[in-house]
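**Q** Listed below are the residues making up each chain.
Number of protein chains: 2
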Amino acid sequence: MRPRFSLEWQVGRHARQDDPPAEWLAARVPGAAQLDWARHHGWPHHWQADHFRAYDGLEDSFWTYRARIPALPEGRVFLICRGVDYRFVIRAGDRILHEQEGMFTPVELDLTGQAVAGEELFVTIFPAPKSRAVPADRSQADHSCKPAVSYGWDFHPRLISQGLWDDAWLEVRGRAHFTRSATDYSLPTDLQTARLEWKGAAAGECASLRWRVFAPDGALLAERMAAGSGNISLSADVRNPALWWPHDHGTPALHVSRVELLDEGGAVLDAREERIGFRRIRLVMAPGQWDSPAAFPKSRSHPPMTLEVNGRRIFVKGANWVSPEIFPGLLNRETYQEQLAQVRAAHMNLLRMWGGSPAQKEAFYNLCDELGIMVWQEFPLACNTYPDDAAYLRVLDQESRSLIARLRPHPSVVLWCGGNELFNSWSRMTDQSLALRLLAANCYQLDPARPFLPTSPVDGVGHGHYAFRDMDAGEEAWAVFQRSASTAYCEFGCPGPASEEVLREIIPAEELFPPRPGGIWQAHHGFGVWKPSSWLHLDVIAHYWAEPRSLEELVARGQLLQAEGGKGLVEEARRQKPAASMAVYWCLNEPWPAVANNSLISWPCRPKPALAAVGAACRPILASARIRKFQWRKGDSFEAEIWWLNDGWEGCDPGRIEVRIALAGETRDLLSWKAGRLEANCNLAGPTVRWVLPEVDCDHFELILDTPGLPGAASRYTLLLRDGEAGPDEGATPTMNLG
Amino acid sequence: MRPRFSLEWQVGRHARQDDPPAEWLAARVPGAAQLDWARHHGWPHHWQADHFRAYDGLEDSFWTYRARIPALPEGRVFLICRGVDYRFVIRAGDRILHEQEGMFTPVELDLTGQAVAGEELFVTIFPAPKSRAVPADRSQADHSCKPAVSYGWDFHPRLISQGLWDDAWLEVRGRAHFTRSATDYSLPTDLQTARLEWKGAAAGECASLRWRVFAPDGALLAERMAAGSGNISLSADVRNPALWWPHDHGTPALHVSRVELLDEGGAVLDAREERIGFRRIRLVMAPGQWDSPAAFPKSRSHPPMTLEVNGRRIFVKGANWVSPEIFPGLLNRETYQEQLAQVRAAHMNLLRMWGGSPAQKEAFYNLCDELGIMVWQEFPLACNTYPDDAAYLRVLDQESRSLIARLRPHPSVVLWCGGNELFNSWSRMTDQSLALRLLAANCYQLDPARPFLPTSPVDGVGHGHYAFRDMDAGEEAWAVFQRSASTAYCEFGCPGPASEEVLREIIPAEELFPPRPGGIWQAHHGFGVWKPSSWLHLDVIAHYWAEPRSLEELVARGQLLQAEGGKGLVEEARRQKPAASMAVYWCLNEPWPAVANNSLISWPCRPKPALAAVGAACRPILASARIRKFQWRKGDSFEAEIWWLNDGWEGCDPGRIEVRIALAGETRDLLSWKAGRLEANCNLAGPTVRWVLPEVDCDHFELILDTPGLPGAASRYTLLLRDGEAGPDEGATPTMNLG
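Order-wise, the sequence lines are chains A and B.
Using my numbering, the first residue of the first sequence is number 1, and each one after it goes up by one.
Using my numbering, the first residue of the second sequence is number 1001, and each one after it goes up by one.
Wrong hints could be hidden among the right ones.
What follows is a list of derived Cβ distance ranges for each label pair [claimed, not checked]: (1) W290/A - D1094/B: 44 to 54 Å; (2) A1485/B - V696/A: 44 to 54 Å; (3) G1113/B - R195/A: 52 to 62 Å; (4) R195/A - D1094/B: 49 to 59 Å; (5) A201/A - R1028/B: 47 to 57 Å; (6) G265/A - D1094/B: 37 to 47 Å; (7) W290/A - A1485/B: 51 to 61 Å; (8) A207/A - M1225/B: 32 to 42 Å; (9) Q337/A - A1294/B: 36 to 46 Å; (10) A207/A - A1133/B: 36 to 46 Å; (11) V268/A - R1095/B: 43 to 53 Å; (12) D1217/B - A201/A: 54 to 64 Å.
I should point out that these hints are in silico values taken from the structure, not numbers from a laboratory.
For each residue, glycine too, the CB sits at the ideal point set by N, CA and C.
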């Protein structure tokens, strides 16, 4: 119906807009102009060593893509570009057909009468937008809708993508075709009957229009016919619809809405198809949340952060998604499939699409719809003061409307958010910032049924900590969380080094060990981000053990801290349910291989041990221990609170938790707790186990919670055991030479 | 140009919409149908005794107004109704011309060809909207845009107004007339050049259009001519414009934008005129506000609440306005003038138009523009859960658009707010409530230059306390404020009784003393609102003295508590500048005579002593004392911190504060403090004075701060002096019989 014709693209680099490129290189579309350049010139991988530095000058170039229009069948010819990064002009020959700023607004350009077969199409891309010449950091992105991460971040090198980052093709549309087509629905509180509404318009001549709705199993649920011209609106009720659920609460059922233009003989002239997932989303108050504040003068109650899907409160367990490639043009369904399989296996039900990274391609959201993974989608604002500036607001208006229109049909998208940490001191935007007022207005106008947050964190929500141990404060993140009372934990994590395999790939052999500031270890975020010791945190490793003697030891100890730390934080957030309602780990993935990072997955998709540990902490039902600290002394009275955690929607009789300690090759039974009924979506606090740690010859022990009645719910914690000589100040830090 | 013809209205009451009224009574327009009814039937004043109870049944009636169309000159005839309360149908004969729900959307109905001279116009008003039959309280208003206060409040009897509450007339428009006309401006940060833009459209034939802008002194600043048809847009720059300032910071300069349609000979066919006050308004962060939160997990910083006018931070001192009549139809320019003169004399620079009451008539905002009194305007939502309901949202959309369009030109209006206390437990709306998302979207779309708050209090802002002493907590409001750290105090107050004169007017002689629950004292809010003892607070009076022995003693003591309490709270809020930025007293006025109320003014406009006291606390510069408590013991070491407070925009050398105590007929010098420079808009904390209170025969003393260098800045505080026998529990409450 809408035959697609791919184009043979070439790309050239030039210093001024109107100067022709000196040479034309083969271009991959989707892709990035810089990658074509690097490939042509035989540059090494941008993700190895510090080769990314070679790209430094490229961001200030113009790039022009060109492609010749082939001979095409009869019909109206459209150029479709799903995404061009970032500001660009489209020409046919020397005639300007389109100008645009913004990578999230697709181009759909009717070439009929504007360009003919044999002519060349040109897409000229401007240098990366920068609001100022220096400093060369994220603040340069503060007047544009270009995602800020590629200007340099604590896990991302300075490397700003440019180019045709999503599919581009020519499309020939027949004598009749749809010019608009969208299916919407409403679902009342009782979830009994979904009212579907299709609205659209068609151009050209046809005999009739047929709209059909199919159940997830393909059964026809509704069919409507109409005359196929002008603005058309059709509706149909679906009774007792199969609902879309996140994967840990049911089946993510997807219906199909298909509309067709038919000729007199019933042949299909054009068709549009959408998938529909029926569900109701709300953010609601947690039990007791209205009781605070209690005292005069009274402020407001914290805003609601408990996600309710189809009337059911769901504890959110997930991670922050950062784009898994520096160049979003490299992303495709396969990349997403690999990552999302890890997410689902780790029992996570939500990804927060962090505003520093670009919104992803359609394949991502389609997969989330299919896999039942919920999506918290942010607009491209992060850690900057985006101004009350007419030119900026015009682009933001266009880009946000495009994103809302594109993502609105996806049932997986459950939440809009203005961007990352905008109400904090390092961003300095406020509720009065026009950019956020604009986003709130557009979301209300175009998508009122989906909740909207101006930013994260909002009042009551917590971000951080990002260390296993805060060396300045002299305390572990576990302790910080255990005295916190956030309504949701939307960023937190512990850094861990990449595996030896990854480190050997990116670091030249001569720099590999010991890691030192400067050089490749620093270029890949091992030192000097935030703090001198981030993200390798050699000082933290040395605090618990000593300076690592080998790469193997460094990786093993750093990864243990990340795994045990992240697991403990997620479980603590869950123990605070229902007052707390979200545990969203920072971060899932990374855009290139960092030597150390809070990410659970190394680039491109190599899980660290922390993924399994955090995944275990996300199991719907598990035995859990609240442990005060990681490092214990021989002679200390070890203690831990024993809990059952249940985020599932069914209650059960979980049976016994057998609490054991394994140390120095022996396992000792400490306690057996027979819990009563574990109600649906409820936790159960059990006994506190106490045991004086003996003087034995070993440096760690394991707390084991066996669950003979529910084998999949057992847990295990590795803890350090040290000689009893340390003073009261467990926070003392050994001196390390990081310079 | 637009001759107005008043109509002779009659009104009738009927039980069903289509039944004709049994009788037609003379109607006053603007007014209220119930008042016409009461007048006709010789009912006593609704504000005396409990006569309001007679109105109980009226709220469920239909009321139809009728008026005969007189013979009119040639031209298009319009019926203009500025406000009809609440749901209504307009007919000519039996033809329905207009149907509407909402009292804030004016009617402008072209009758040409629809109704002729001699015919009757009918406006049929529906029974008061109620979402449920019981309880008969404010919750019945939760599905409508009818302000909730008249459904019964802690200072308002149950009495729901209905009728033509604003002007209504016939207007004849000539062969050419404006169909739209609005002047807008932008003013850049440097305030140097205002860019004015007039946009409008005209119907009919004319030769030309003339737009002129006049300075406050009448001088012509700009003149533009255009062809007078279709959509027209004109612009003009005004360099170095006189700015609009609140009265305590400058002159509220008002320019005039006048546009005219002219015939060939230059005669004016139609004209529209607006006043323009050039100013920039922002809500900005207080110094240090970004420093918090400091610890992980980090939440957001509090939203900004410091008002900046023309680049200058202004400490807001003001009061909450509640409608000064139960029937808004009774309000007119004279009512407003009398009230606003009190406001300005009390050095207040802002009124918060509390969302429980209706937005006021144009005359109110015109006067505020002229007087330099800023207005915080709320939409008609208060203390209810307004639903995510399509029918309600449709009316709210219409009503909010009408309010924004009407009030947008007023320079005095500095802030939009969604409504009162909506994010608190007694309202249970949230940031996700569609009503508030709608209001935010409409304010952004129609009036982005004016700040918007979803409700008050927002995070960091405080409401309350509403008692001199909280008998349950056993502490005084002073102490509560002194340990608070709100960004703004937007409601707080102390109740005080009305004067004897007022009490004698409303309470029958036989009930006058002693006051007892039930009867008229309770009907007029002396008992049983919030708490058994509100608002008379006999228990608080008895705590400090004893049960009052006469009406005179009751009034004197209650009014002393209100005056000293309110003054102390305002001064404390000011001492917390710049962290705190607003002191908005609850409440300025009242809609009928309460026997006791937090209001500073008794109905209709009789100031209580607290008005002068709070007004003194609002002087731009004053000597101030932070005093820990109201009641002291002989032998106590009295102490007070001495301060200079300056909210003005000029610094000064204030000279000495002479601190004295007057007690038992003697005045003793305690301290003389010579302050240094008192900078603009800054406070200066001085010494703490300490003095052991002697065993003398008197029950009170006065702390006097004389300011010989600045005589208008002196202050004086009355405090109680008691024998030293009281135990450590100063909070002990004497038992009182309130039943």
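**Q** Name the hints, by number, that the structure is in violation of.
**A** The structure conflicts with hints 3, 4, 6, 7, 8, 10, although it agrees with all the remaining ones.
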